[in-house]
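Asks: In case you want the letters, here they are:
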Amino acid sequence: MMEWLSPEEQQAVLLSLRVAFWATIVSLPFGVFTAYALARWRFPGKQIVNGLVHLPLILPPVVTGYLLLITFGRRAPIGAALHEIGITFAFRWTGAALAAAIVAFPLMVRAMRLSIEAVDPKLEQAAGALGASRIWVFLTVTLPLILPGVLTGAILAFAKAMGEFGATITFVSNIPGQTQTLPSAIYAFLQVPGGESSALRLVGISVAIAMLALLASELLARRLARRISG
Amino acid sequence: MSLSVRLTHSFEDRRFDIAFDAPGGVTVLFGGSGSGKTTIVNAVAGLLRPEAGRIAVEDRVLFDSDTGTNLKPHKRRLGYIFQEGRLFPHLSVKQNLLYGRWFAPKSALPARLEDVVEMLGIGPLLTRRPSALSGGEKQRVAIGRALLASPELILADEPLAALDEARKAEILPYFERLRDEARVPILYVSHSAAEVARLATSVVVLQNGKVARQGPASEVLSDPSVAPMGVRSVGAVLEAHVRCHHNDGLSELNAGGVPLFLPRVSKDIGDLVRVRVAAQDVMLSRDRPVGLSALNIVPGTVASIRSGTGPGAIVSLDTAAGRILSRVTRRSVADLGLAPGVSCHAIIKTVSVSPQDVGG
Chain C
1297 MMEWLSPEEQ
1307 QAVLLSLRVA
1317 FWATIVSLPF
1327 GVFTAYALAR
1337 WRFPGKQIVN
1347 GLVHLPLILP
1357 PVVTGYLLLI
1367 TFGRRAPIGA
1377 ALHEIGITFA
1387 FRWTGAALAA
1397 AIVAFPLMVR
1407 AMRLSIEAVD
1417 PKLEQAAGAL
1427 GASRIWVFLT
1437 VTLPLILPGV
1447 LTGAILAFAK
1457 AMGEFGATIT
1467 FVSNIPGQTQ
1477 TLPSAIYAFL
1487 QVPGGESSAL
1497 RLVGISVAIA
1507 MLALLASELL
1517 ARRLARRISG
Chain U
16 MSLSVRLTHS
26 FEDRRFDIAF
36 DAPGGVTVLF
46 GGSGSGKTTI
56 VNAVAGLLRP
66 EAGRIAVEDR
76 VLFDSDTGTN
86 LKPHKRRLGY
96 IFQEGRLFPH
106 LSVKQNLLYG
116 RWFAPKSALP
126 ARLEDVVEML
136 GIGPLLTRRP
146 SALSGGEKQR
156 VAIGRALLAS
166 PELILADEPL
176 AALDEARKAE
186 ILPYFERLRD
196 EARVPILYVS
206 HSAAEVARLA
216 TSVVVLQNGK
226 VARQGPASEV
236 LSDPSVAPMG
246 VRSVGAVLEA
256 HVRCHHNDGL
266 SELNAGGVPL
276 FLPRVSKDIG
286 DLVRVRVAAQ
296 DVMLSRDRPV
306 GLSALNIVPG
316 TVASIRSGTG
326 PGAIVSLDTA
336 AGRILSRVTR
346 RSVADLGLAP
356 GVSCHAIIKT
366 VSVSPQDVGG
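Those protein sequence lines, which keep their order, are chains C and U.
Under the working numbering, the residues of the first sequence are numbered 1297 to 1526, in order.
Under the working numbering, the residues of the second sequence are numbered 16 to 375, in order.
Hints are supplied without guarantee of correctness; some may be wrong.
[As the list claims (entries may be wrong)] Here are the computed lysine-lysine pairs in the DSS-like style, where the Cα-Cα straight-line distance is at most 25 Å: (1) C/1418 / U/183; (2) U/121 / U/90; (3) U/109 / U/225; (4) U/109 / U/90; (5) C/1418 / U/90; (6) U/183 / U/282; (7) U/109 / U/121; (8) C/1418 / C/1342; (9) U/109 / C/1418; (10) C/1418 / U/87; (11) U/364 / U/282; (12) U/183 / U/225.
To be clear, the hints were calculated from the coordinates, so they are not data collected in a lab.
These numbers were taken from a predicted model, which means no experiment stands behind them.
Generate the whole structure from the sequences, applying the supplied hints.
Replies: Shown next, in the form of structure tokens:
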């Protein structure tokens, strides 16, 4: 279906979809947990955690990428340890997914936190009084009520991950077929003479995917909200 | 089963030192804001840890500062009915009703869904969402949900306060049925004298973080000394049987051999009803009055007279129908020569008893 794209362009689109998908799916539980902790718990150092979560939003992406490189690079202590057990991030698509996940994380957490704060704690109290332990309260009351927010957070994160460029290119470089995501490919095409038409096609796809994601989230959130409030 | 509560606790600059026992039936916690009602309910529910004390349902200890016992809220086996209903908006009425059952221990004798639905008249609502219910319907579902969790104690925290008068009148009978049919004690927080009179088996009056008075409802409510404690419309509760319904819109009741005429009560002949007679609606006369429009004239003797610094006094009268209170002026007390032991007549206007004051 993508024969109007060159193999290189196709590769970039598919890679970006894969990177964004895994970045979103794997960070989803962490996002829900962090959002819940920030919305509901009081603990020492909460502001520091909050700051750390939001840091990628305000740091220059190249700084995030460099920090990832000196943490998860093959010669960095954590990166080396992970490499030992078979998890490699440096110059792999997994690294691109990690960078995308980290940069998209604040957006995901913000959307989820807002929806958790909108849940009346009195409902959770009522569930507890009816015999539900905390985990059951979360699964049967909180989670269903925040589903629209979780979904919005996930889709925003997906869209952000699709577009991540600075941290990715710093951390895992720009290797066609390996780490050359859609934005990296656009950048690469613009560096060579006659690459504009390829770049323009990819730009079109970028815009289409972003629009689709937003529309889908809007529709799903609306349908869920209707289901929840009856 | 019974509930026993002993606790001391400090909150902001208030000090609570509370001890009471709630036998079966409805125990009403009565008191103004800051009197300790919320502290007690939260402590019983496990939402607040008192500094010291012991809370137990029969011999099951929920909290004991001496042994360090403090059961988590979800392990306390309570049915909590909140002021605002707190139904889960994402679940249907039926799913709401059955929510607590998922977590009730298998050993618990489960209340049957059909019975509860029947008792509360919520059959037609089962498939609806809470957002499609009226305030009164929501509260009925909340009662059912608490009941179906097979609780060992029901907590009702001002469950009618958020409703208008018409809705209150709609819900009160269900609480009466709950009292009569559920075999678990009910701790009921209220500051409405009408609710207390209709529902209470026993009453605990709270004032400034202490139990000011506790005992059977008929005793506490007709005790004039509780009037200054916020039992604003102090009044007596008379128990009477319906004798017959007259076709001029009146019902004739028999209270200990004394006939009482009230606006038509929606009870069957022979049923026992509780009638609240507010002290301010009772006049006194030394001689049996004649040519008077009031239909109810009850002879009795003065048991006690209480007065404060104001111009009013509350006279308690022992009658065959039970104790009746009357709020009169101190001047009248002097003019009539009222004193303990003096015989006199209580005059109750039929129309002064509103339907809210009559319960089962």
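Asks: Hint by hint, note whether the structure agrees.
Replies: Checked hints:
{"no.": "1", "hint": "C/1418 / U/183", "in the structure": "holds (23 Å)"}
{"no.": "2", "hint": "U/121 / U/90", "in the structure": "holds (14 Å)"}
{"no.": "3", "hint": "U/109 / U/225", "in the structure": "violated (41 Å)"}
{"no.": "4", "hint": "U/109 / U/90", "in the structure": "holds (23 Å)"}
{"no.": "5", "hint": "C/1418 / U/90", "in the structure": "holds (18 Å)"}
{"no.": "6", "hint": "U/183 / U/282", "in the structure": "holds (18 Å)"}
{"no.": "7", "hint": "U/109 / U/121", "in the structure": "holds (20 Å)"}
{"no.": "8", "hint": "C/1418 / C/1342", "in the structure": "holds (23 Å)"}
{"no.": "9", "hint": "U/109 / C/1418", "in the structure": "holds (20 Å)"}
{"no.": "10", "hint": "C/1418 / U/87", "in the structure": "holds (16 Å)"}
{"no.": "11", "hint": "U/364 / U/282", "in the structure": "holds (20 Å)"}
{"no.": "12", "hint": "U/183 / U/225", "in the structure": "violated (29 Å)"}
In this structure, the earlier hints numbered 3, 12 are contradicted, and the remaining ones agree with it.
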